[in-house]
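Asker: Listed below, chain by chain, are the residues.
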Amino acid sequence: MKTFYWLVKREFWEHRGGFFWAPVITGGIFLLLNIMGIITAEVLGARQGISFGASGGLRKVIEGMDAGDMSKVGFALDIAMYSAMGLLIVVLGFVVFFYCLGALYDDRRDRSILFWKSLPISDASTVLSKVVSATVVAPIVAVIVGIIVGMLQLLIVAITLSFHGVNVWQLLVLAHPFKVMFNLIGYIPLYVLWAAPAVGWLLICSAWARSKPFLWAVALPVGAGLLVSWFGIMGLFNLPATWFWKNIVQRALFSVFPGSGSIFSADSDNMVSHVTGSDALDLVNTWHMAASPNLWIGVVIGAALLAGATWFRRWRDDS
Amino acid sequence: MSAVITANGLTKRYKSALALDNTSFQIEPGRIVGLIGPNGAGKTTALKAILGLTDFSGELNVLGFDPRKQRDKLMGEVCFIADVAVLPRWIKVSQAIDFVANVHPRFDRKKCEAFLARTKLQPSQRVRQMSKGMIVQLHLALVMAIDARLLILDEPTLGLDILYRKQFYQNLLEDYFDENKTIIVTTHQVEEVEHILTDLMFIRDGRIVLDADMDAVGERFIEVMVGADKADAARALKPIDERQVFGKSIFLFDGANRAVLEQLGETRRPSISDLFVATMKGTYA
Chain A
324 MKTFYWLVKR EFWEHRGGFF WAPVITGGIF LLLNIMGIIT AEVLGARQGI SFGASGGLRK
384 VIEGMDAGDM SKVGFALDIA MYSAMGLLIV VLGFVVFFYC LGALYDDRRD RSILFWKSLP
444 ISDASTVLSK VVSATVVAPI VAVIVGIIVG MLQLLIVAIT LSFHGVNVWQ LLVLAHPFKV
504 MFNLIGYIPL YVLWAAPAVG WLLICSAWAR SKPFLWAVAL PVGAGLLVSW FGIMGLFNLP
564 ATWFWKNIVQ RALFSVFPGS GSIFSADSDN MVSHVTGSDA LDLVNTWHMA ASPNLWIGVV
624 IGAALLAGAT WFRRWRDDS
Chain B
51 MSAVITANGL TKRYKSALAL DNTSFQIEPG RIVGLIGPNG AGKTTALKAI LGLTDFSGEL
111 NVLGFDPRKQ RDKLMGEVCF IADVAVLPRW IKVSQAIDFV ANVHPRFDRK KCEAFLARTK
171 LQPSQRVRQM SKGMIVQLHL ALVMAIDARL LILDEPTLGL DILYRKQFYQ NLLEDYFDEN
231 KTIIVTTHQV EEVEHILTDL MFIRDGRIVL DADMDAVGER FIEVMVGADK ADAARALKPI
291 DERQVFGKSI FLFDGANRAV LEQLGETRRP SISDLFVATM KGTYA
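Here the protein sequences come in this chain order: A and B. For the first sequence, the working numbering begins at 324 and goes up steadily by one. For the second sequence, the working numbering begins at 51 and goes up steadily by one.
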């Protein structure tokens with residue numbers, strides 16, 4: 324266990340840039356853009372002589388709100404918090420994608436694998452430490468940064484409005500930061516499962532490729548997809564070619580993007596569509612996916628690919 | 051004590067070439083073995099097989115483990131420096147120590163820090179900021195602080211200047227080696243390891259062509275410097291090598307009668323490099 328902790332720590336040392344600085348910088352840029360947006364709006368507003376706070380219009384609106392309206396404001400604020408996460412999630416997807424591609428390849432290329440292999444560490448725990456770094460450590464850091472950025476975002480909005488004489492602090496109470504936090508953190512286990520086939524595929528390419536793992540990782544599924552589409556192979560199974568693109572190509576490459584499961588999982592069509600607003604991100608709803616065979620078949624295939632990656636890690640002899 | 055390494059019928063074939071050709075050998079504890087051979091003779095393949103880094107056929111027992119099946123356990127007892135500068139470039143000195151200290155049960159942190167105190171290395175320094183010589187110093191400090199029974203060095207001083215090279219072997223002898231440890235070293239700089247080796251192994255085309263301890267080498271191989279007048283007499287005794295120096299001929303004999311040779315001229319023990327050249331004649335032809 325201690326060894327495993329240090330293996331994960333080792334990954335964090337090496338990839339501090341991707342795991343830590345990438346979300347922090349993205350969050351910073353997000354906030355900066357928001358502040359710039361607000362300033363632009365203020366300047367434009369002042370120039371046009373529009374002063375929406377001073378007239379007390381907004382205050383009246385707030386005072387006139389009933390309970391239903393209040394909960395809508397709460398949702399809106401929650402969405403504001405999630406929105407900070409949205410950008411981070413895209414960045415996280417890229418970080419995890421390229422991290423996995425390099426994880427078992429970079430040290431073979433610079434031959435430092437000879438140093439790592441001189442230590443009493445099994446190849447299985449090495450591979451597992453990379454999986455955990457990609458699917459647990461990186462998302463946790465991103466979520467923490469996302470929550471902090473989300474809170475700052477609310478704060479900025481509140482401060483801006485209070486300059487206009489609108490006291491929105493009472494409105495902030497309507498937000499559910501803890502629920503948002505809970506939902507985001509609770510999504511991580513689902514992400515681990517959903518990302519399994521992509522992580523497995525990228526890691527096996529990383530462990531196997533003698534050069535250019537990116538090319539192999541992308542060219543193989545896409546090439547296969549083109550062949551399948553061209554020759555209509557899926558017709559043999561009475562399935563459209565898009566089935567292959569959706570369930571093989573997409574799963575192998577894009578499952579590392581958090582939330583992609585909810586967006587293009589096979590049964591998204593019959594997902595509870597009446598859920599609206601930020602409720603869709605509640606664990607009750609996101610974890611619906613845990614019932615889909617798509618997820619679990621992916622997990623099984625992911626595990627098999629990881630076993631293959633471990634085997635290649637053990638026996639690939641080119642350093 | 052039983053042998054550290056026992057190899058029987060070791061064979062490894064790469065696509066085009068035979069890297070190990072049914073090789074058998076045994077290495078006893080407390081020895082410093084020089085594994086010496088021309089490029090492509092199979093040295094590195096043999097070491098990789100011992101370390102479980104490559105697959106092979108035949109029998110191999112290293113400290114009671116099968117390197118193919120029990121690699122991670124084996125690595126608790128074995129250390130290796132494979133080539134210079136294989137430390138990851140992003141790592142800091144302090145991180146390298148922390149990491150090894152926490153994953154290697156036989157690592158002695160104090161020892162490592164004491165070794166590093168003798169160098170210019172700083173804890174916050176990254177490998178990518180170091181010269182080749184400094185990287186080897188760090189690697190050696192890490193390895194010497196591990197109480198392993200077998201240390202394998204594959205070209206550990208390649209590309210280092212002479213100060214680092216001398217210091218490397220001196221540290222190894224003074225601060226590391228004892229009768230419970232075994233060291234296997236491959237190098238092309240034969241002259242530098244000559245005086246520290248206890249055993250010598252020559253490998254050529256995947257076969258061990260010479261396997262003897264240094265005393266036996268001194269007994270078996272004799273070099274004689276012979277004047278022109280007695281050169282034919284020397285040639286009649288079938289030397290394995292002949293070369294000319296300052297009008298005299300130097301003959302190298304394998305297992306000849308020392309008394310007879312002494313009558314021909316001045317005898318001495320051949321250097322390993324001369325022996326090597328004589329043994330490997332025609333390798334690249």
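Accuracy of the hints is not assured; some may be wrong.
Stated by the list, open to error - Straight-line alpha carbon distances no greater than 27 Å define the calculated DSS-like cross-link-like pairs of lysine-lysine that follow:
no.	chain 1	residue 1	chain 2	residue 2
1	B	K160	A	K325
2	B	K182	B	K160
3	A	K332	B	K65
Don't read these hints as lab results, they were simulated from the structure.
Asker: Now, for every hint given, state plainly whether the structure supports it.
Answerer: Status of the hints after comparison with the structure:
1. B:K160 x A:K325: holds (20 Å)
2. B:K182 x B:K160: holds (24 Å)
3. A:K332 x B:K65: violated (39 Å)
Comparing the model with each numbered hint stated earlier shows that hint 3 is the single one that does not hold.
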